[in-house]
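Residues per chain are reported as follows:
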Amino acid sequence: MDASVLLQNPIAARAGVPQPPALRRWEPGQELLTGPALLLGTGAAPLLPAVRGWLRAAGAAVLEELPGEGERLGTVVVDASAARTVDDLAALRAPLAPAFRRLARGGRVLLLGTPPAQAPGVEAAAVQQGLEGFSRSLGKETRGGATVNLLRVAEGTGDALRAPLLFLASARAAYVSGQVLDVAPAPGPVADRPVRTAVVTGAAQGIGAATAEVLARGGAHVVCADLAASGEALAAVANRVGGSTLHLDVTADDAPRVLAEHLARRFGGADVVVHNAGVTRDRSFVNLDDRAWRQVLDVNLRAPLRLTDGLLAADGALAPGARFVCLSSVNGLAGARGQTNYAASKAGLVGFVRAQAGPLAARGFAVNAVAPGFVETAMTAAMPFVAREVARRASSLQQGGLPVDVAEAVAFLAQPDAGGVNGQVLRVCGQNLVGA
Amino acid sequence: MPDRPAPRPVRRAAIVGGNRTPFVRAGRAYARASAQDLMTAALDGLVARYGLAGERLGEVVGGAVLRHSRDLNITREALLSTALDPATPAHDVSQACATSLQAAVTVANKIALGQVEAGIAAGADSASDAPIAVDEGLRRVLLELSRARTPAAKLKALAGLRPGQLRPAPPRNAEPRTGLSMGEHAARTALEHRVGREEQDALALASHRHLAAAYERGFFDDLLTPYLGVRRDDVLRPDTTAEKLAQLRPVFGRRLEEAGEGAATMTAGNSTPLSDGAAAVLLASDEWAAERRLDVLAHLVDAETAAVDHARGGEGLLTAPVHAVPRLLRRNGLRLEDFDVVEVHEAFASTVLATLAAWEDAEFCRDRLGLDGPLGTVDRARLNVTGSSLATGHPFAATGARILATTAKLLAERGGGLALISVCAAGGQGVAAVVER
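Keeping their order, the protein sequence lines are chains A and B. Each residue of the first sequence is one higher than the one before, starting from 22 at the first, in this note's numbering. Each residue of the second sequence is one higher than the one before, starting from 524 at the first, in this note's numbering.
In case anyone wonders, no lab produced these hints; they're calculated from the structure. Check each hint, because a few of them may be wrong.
[To be verified] One side of the interface only, derived from the structure: several residues of chain A facing chain B at Cβ under 8 Å:
{"no.": "1", "residue": "GLN40"}
{"no.": "2", "residue": "ALA43"}
{"no.": "3", "residue": "ARG77"}
{"no.": "4", "residue": "GLY239"}
{"no.": "5", "residue": "HIS242"}
{"no.": "6", "residue": "GLU253"}
{"no.": "7", "residue": "ALA256"}
{"no.": "8", "residue": "SER265"}
{"no.": "9", "residue": "HIS268"}
{"no.": "10", "residue": "PHE288"}
Values in this document were obtained by computation on a predicted structure and should not be read as measured data. Beta carbons: idealized from backbone N, C-alpha and C, even for Gly.
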């Protein structure tokens, strides 16, 4: 797996191959932002006072107007949640354009809007929907690894906006750009404690292993689950992150019971369940045999459904406020040649997340999906060279993501204070050119 | 002087769980792994299963039978390569094939006395990576050379060299006191107890069938971690048959046959092959396990080590457990019939059968064991129900820990009961243990 053949390669750079920006990723002791935050608004901008408080508490300098020449902005937050008229939208350009030009490398533009369905009136709904097109286009114009994302804040969201806002502003969201995330009031009081116990299926390698690592970094004990056959790599991951192993075939008849009992007895319930185990059996639809078709559906879709049902039904398998996170895929949203089975399973997870969100919220739980784009893993390393190179560059950030980028998004959705995000699909794709 | 605590009451050590590598025939997939590598892998898998990374345990006790001179403290060296807190102490024990069961008894006794709260017993062996020594004559010359101070003295030392000394001296598969291989010893015992070929093959077949079935139902999912890409014991032949086993030619007992003392019956099929692997078992106090919400599989109740005079006294080399078990039962007020699970290490099929025959033999029990009558009969339906060393393989020092973890899990599966373990060892020794849940 070598991302540097043409990317970030001095010889290739001299030969004229465009070089993608180096992304600012999480490091211990790092500042939240690389420069001061500028707060802008159009219309009443009711969210700015709270945003100011959260950014300041996180150690950021907050400005109300553009700083002097030479100073670069770490983030620009635009509160357009009260934009009601086309005039409000039109008023966006004047303050934002010069600020956008002054964005630092790895800078963040965070647009705050209102869900169009909640907008008061037709014009307001149109304007709020317009923000989506605006933010996605602006994302394609960034440089130096900067990102643009839109948070649609429902009525009464309050403190539940804090976690998604700070996540998207941070280096943890390095590969998240051009995305729209809905935030609603949290189902219960916003918990202020770290994740104690998390379980990650398919934790022996790739995104699963990275997820275990990021969750453990936050203080969680991670139950690393995978097939017994992967036990050697799994033990290494578990020991590295100070977690423990569970040999589990997620498709086994008794897997829901085994997992529920393990979580209840050993840990008094899990705070986080990450449905990450997945397989690919790529072939054109007509050449797929029934076994390869079913196997992918069984592992990627049926197993998360069954495990979730099993954990919800079991006594004590889940801690109060538990979070589920599914690993979907941009290919599941956009479709991919030779991946009819895979895309069916990964799109199925999106349906699962949306349908399950309401019932889970009623019990104080939440469920979301992360949809990775092109990520540098053993799976993508096996792609043909040209296809891989094209896939890497087919994003606004002009490069593939790393497993840790996906893991950061999973860990964010797993945060106790991220309860305002439910039933959502967060793409971690560097704003991939394909997909919804 | 401040108040000193009252003497601690003795408690039973809990068996929390085990882990082992798959066992592999010598010279195959683990050919380049050392015993220390294997032990590290078994320990790390155990640490991962029970989330012990960074924990300081009371003690890790382990050993290897085939040892290089560099393996002076193999358990401690292996421990330093694992995720355990390096402040965990370790020491080596050595008792041939009973090594890791004896290690478990040591750890359990420390727990019982309150000296430690938790520990690991482990064993590893690599018959592939066996030590090769230099010829004894060459060794003396080299030592003399290293002591020589002057060129003349060095020359004089070198003059002691003889071409024949340049041959390496490989490890011997023979008893130091008798010069006989373990198989030849076992063949003698088999003759003494009139153990036939057919019943040996039947026991070997049962071992393979039972082990294959145990794998099928996932019994080993939480007892084993793959190593170097190997997922199952490669000695296991799920499709072997009585016919195939019957076709194998005897390899041990041929000298006895030639001497007219009885037919040779021991084949490669009903004897354990040289193999590589490692096993470890986690023992703890009930309190330690409860604090970590770890289930206790069973408790180690008692153990007895016996030795026999195989060198001069005419006792069978591998018959020490025949003596250990009756003493252990007597001390605990138990009969053979009381056990729900019986695990007798299958060094050779004939060893198991001779052991069972001895306990059923009124004369033997009276004359040799000092009992009033036969010790009793082991119900075959309770014997080695998930297979034993014939199908699993037998990396010498790993077998005891393998059997102890398997036994504890079998009791946990039953929801309760009593188990008897019997492991014979070279040097005329053997260890028996009672496990209960």
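Exercise. Which numbered conditions among the earlier hints are violated in the structure presented, ordered from lowest to highest?
Worked result: 1, 2, 3, 4
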